[in-house]
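Novice: Taken in order, these protein sequences are the chains called A and B. Sequential numbering from 1 applies to the first sequence in our numbering. Sequential numbering from 1 applies to the second sequence in our numbering.
Source of the hints: derived by calculation from the structure; they are not laboratory data. Among the clues, some could well be false.
[Said to hold, decoys possible] 20 Å max Cα-Cα, derived EDC-like pairs, lysine to aspartate or glutamate:
#: 1; chain 1: A; residue 1: K3; chain 2: B; residue 2: D39
#: 2; chain 1: A; residue 1: K3; chain 2: B; residue 2: E43
#: 3; chain 1: A; residue 1: K57; chain 2: B; residue 2: E3
#: 4; chain 1: B; residue 1: K42; chain 2: A; residue 2: E22
#: 5; chain 1: B; residue 1: K79; chain 2: B; residue 2: E15
#: 6; chain 1: B; residue 1: K45; chain 2: A; residue 2: E69
#: 7; chain 1: A; residue 1: K71; chain 2: A; residue 2: D28
#: 8; chain 1: B; residue 1: K2; chain 2: A; residue 2: D59
#: 9; chain 1: B; residue 1: K45; chain 2: A; residue 2: E56
#: 10; chain 1: B; residue 1: K45; chain 2: A; residue 2: E30
#: 11; chain 1: B; residue 1: K45; chain 2: B; residue 2: D57
#: 12; chain 1: B; residue 1: K2; chain 2: A; residue 2: D38
#: 13; chain 1: B; residue 1: K42; chain 2: A; residue 2: E101
#: 14; chain 1: B; residue 1: K45; chain 2: A; residue 2: D26
#: 15; chain 1: B; residue 1: K2; chain 2: A; residue 2: D26
#: 16; chain 1: A; residue 1: K53; chain 2: A; residue 2: E69
#: 17; chain 1: A; residue 1: K55; chain 2: A; residue 2: E72
#: 18; chain 1: B; residue 1: K45; chain 2: A; residue 2: D38
#: 19; chain 1: B; residue 1: K42; chain 2: A; residue 2: E30
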Amino acid sequence: DVKVTQSSRYLVKRTGEKVFLECVQDMDHENMFWYRQDPGLGLRLIYFSYDVKMKEKGDIPEGYSVSREKKERFSLILESASTNQTSMYLCASSLGGANTEAFFGQGTRLTVV
Amino acid sequence: RKEVEQDPGPFNVPEGATVAFNCTYSNSASQSFFWYRQDCRKEPKLLMSVYSSGNEDGRFTAQLNRASQYISLLIRDSKLSDSATYLCAVIRYGNNRLAFGKGNQVVVIP
Numbered sequence: 001d002v003k004v005t006q007s008s009r010y011l012v013k014r015t016g017e018k019v020f021l022e023c024v025q026d027m028d029h030e031n032m033f034w035y036r037q038d039p040g041l042g043l044r045l046i047y048f049s050y051d052v053k054m055k056e057k058g059d060i061p062e063g064y065s066v067s068r069e070k071k072e073r074f075s076l077i078l079e080s081a082s083t084n085q086t087s088m089y090l091c092a093s094s095l096g097g098a099n100t101e102a103f104f105g106q107g108t109r110l111t112v113v
Numbered sequence: 001r002k003e004v005e006q007d008p009g010p011f012n013v014p015e016g017a018t019v020a021f022n023c024t025y026s027n028s029a030s031q032s033f034f035w036y037r038q039d040c041r042k043e044p045k046l047l048m049s050v051y052s053s054g055n056e057d058g059r060f061t062a063q064l065n066r067a068s069q070y071i072s073l074l075i076r077d078s079k080l081s082d083s084a085t086y087l088c089a090v091i092r093y094g095n096n097r098l099a100f101g102k103g104n105q106v107v108v109i110p
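Isolated chain B, as found in the complex (with noise of 0.2 Å):
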């Protein structure tokens, strides 16, 4: 099984919607858990941590569920400039491994 697991899409959005997605993941020892945004062609950049207690940013709110082991990402009102796509990262207690899922590719559509 995967560290990282993510349902890749694309999802596509009618804009001015909600979408959300999980990422889940196996390894229990899990410590920390970011949503990084990699528009096309382009490198990868920090969107968010997600803290234990859910947090939000603006039209984002990330949610974690450690019983379930996995994280969420909501987008209200969706723009299209939020085409991208999104990728969940966890960081294991004990080392600096970071890894990634495979990312959910979301489009926007007018």
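Just chain A, with the same shape it has in the complex (with noise of 0.2 Å):
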């Protein structure tokens, strides 16, 4: 059964802390993305990763980084967490190409206070 896990669903975190927000995938997936959902505004995407070491931006890559240095996993970092990064993150994976579905993890629900 496909599976892409993201490692809390609930995070509080203080303002300018650092924050790692990290996802795994076990379908050996080339492409793997974050995206942040706020009301109103859907899915918006963060930095997506179509292999080992690569990365693209997103829409919004402004205050994140990103780190996949194995394939199956793929990590979003906050560097100095603000309250506007007060959202739900959602991680996916797809195999790659064309025409393949995209699998999401659960969702982290992030607070920054």
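With the hints as a guide, dock the two chains, each given alone in a separate frame, to form the complex.
Specialist: Next up, the structure:
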């Protein structure tokens, strides 16, 4: 069974902290994605990766970085968390190429106080 | 202009009725198109891919209009269980960037 696992369902961090959100997939997928989802704004792409150590900026990369040292793991890093980064973060993976289904993790609700 | 645009709604639909909505995309190099379904407090899941010739899956029909750069989703004989947010998604030629619209919220009313 296909599985994308995010390390935490809920997370509370303080302003200025460095935050790591981890995502692991067990499907040997090439592509991995990080989105944030906010009411009224939909799913916005932060970063994606199409191969190990490769990354591309999405629509809203400011304040974030990513790491993909192994194929199955894609980490999102908030260098210095701010209150406007309070959001639902969703990780996804897909096999690659056109017409491939993306599978999502269950999401991490991050609150920055 | 956003890459993928949807009217978020909500769309209040009587049970048994038909509802249709569109999603427009701005980049003519968009290659692949999808509809995802997201239930409240859950992650999105693929509902169906959208093919150039259009495709149907039970009560759901998806169509692609490349000339006008939009895709559509039609739900016939709406069920209460169809209440969800329907997200359209596109992938561009040449890369694997998967972009989503804001979603169409559908509420089926008894």
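Novice: Hints first: check each against the structure and report whether it holds.
Specialist: Structure-based check of each hint:
no.: 1; hint: A:K3 x B:D39; in the structure: holds, 18 Å
no.: 2; hint: A:K3 x B:E43; in the structure: holds, 12 Å
no.: 3; hint: A:K57 x B:E3; in the structure: holds, 15 Å
no.: 4; hint: B:K42 x A:E22; in the structure: holds, 18 Å
no.: 5; hint: B:K79 x B:E15; in the structure: holds, 6 Å
no.: 6; hint: B:K45 x A:E69; in the structure: violated, 27 Å
no.: 7; hint: A:K71 x A:D28; in the structure: holds, 7 Å
no.: 8; hint: B:K2 x A:D59; in the structure: holds, 10 Å
no.: 9; hint: B:K45 x A:E56; in the structure: violated, 23 Å
no.: 10; hint: B:K45 x A:E30; in the structure: holds, 19 Å
no.: 11; hint: B:K45 x B:D57; in the structure: holds, 15 Å
no.: 12; hint: B:K2 x A:D38; in the structure: holds, 16 Å
no.: 13; hint: B:K42 x A:E101; in the structure: holds, 17 Å
no.: 14; hint: B:K45 x A:D26; in the structure: holds, 17 Å
no.: 15; hint: B:K2 x A:D26; in the structure: violated, 32 Å
no.: 16; hint: A:K53 x A:E69; in the structure: holds, 6 Å
no.: 17; hint: A:K55 x A:E72; in the structure: holds, 14 Å
no.: 18; hint: B:K45 x A:D38; in the structure: holds, 18 Å
no.: 19; hint: B:K42 x A:E30; in the structure: violated, 24 Å
Hints 6, 9, 15 and 19, counting from the list given before, are not met by this structure.
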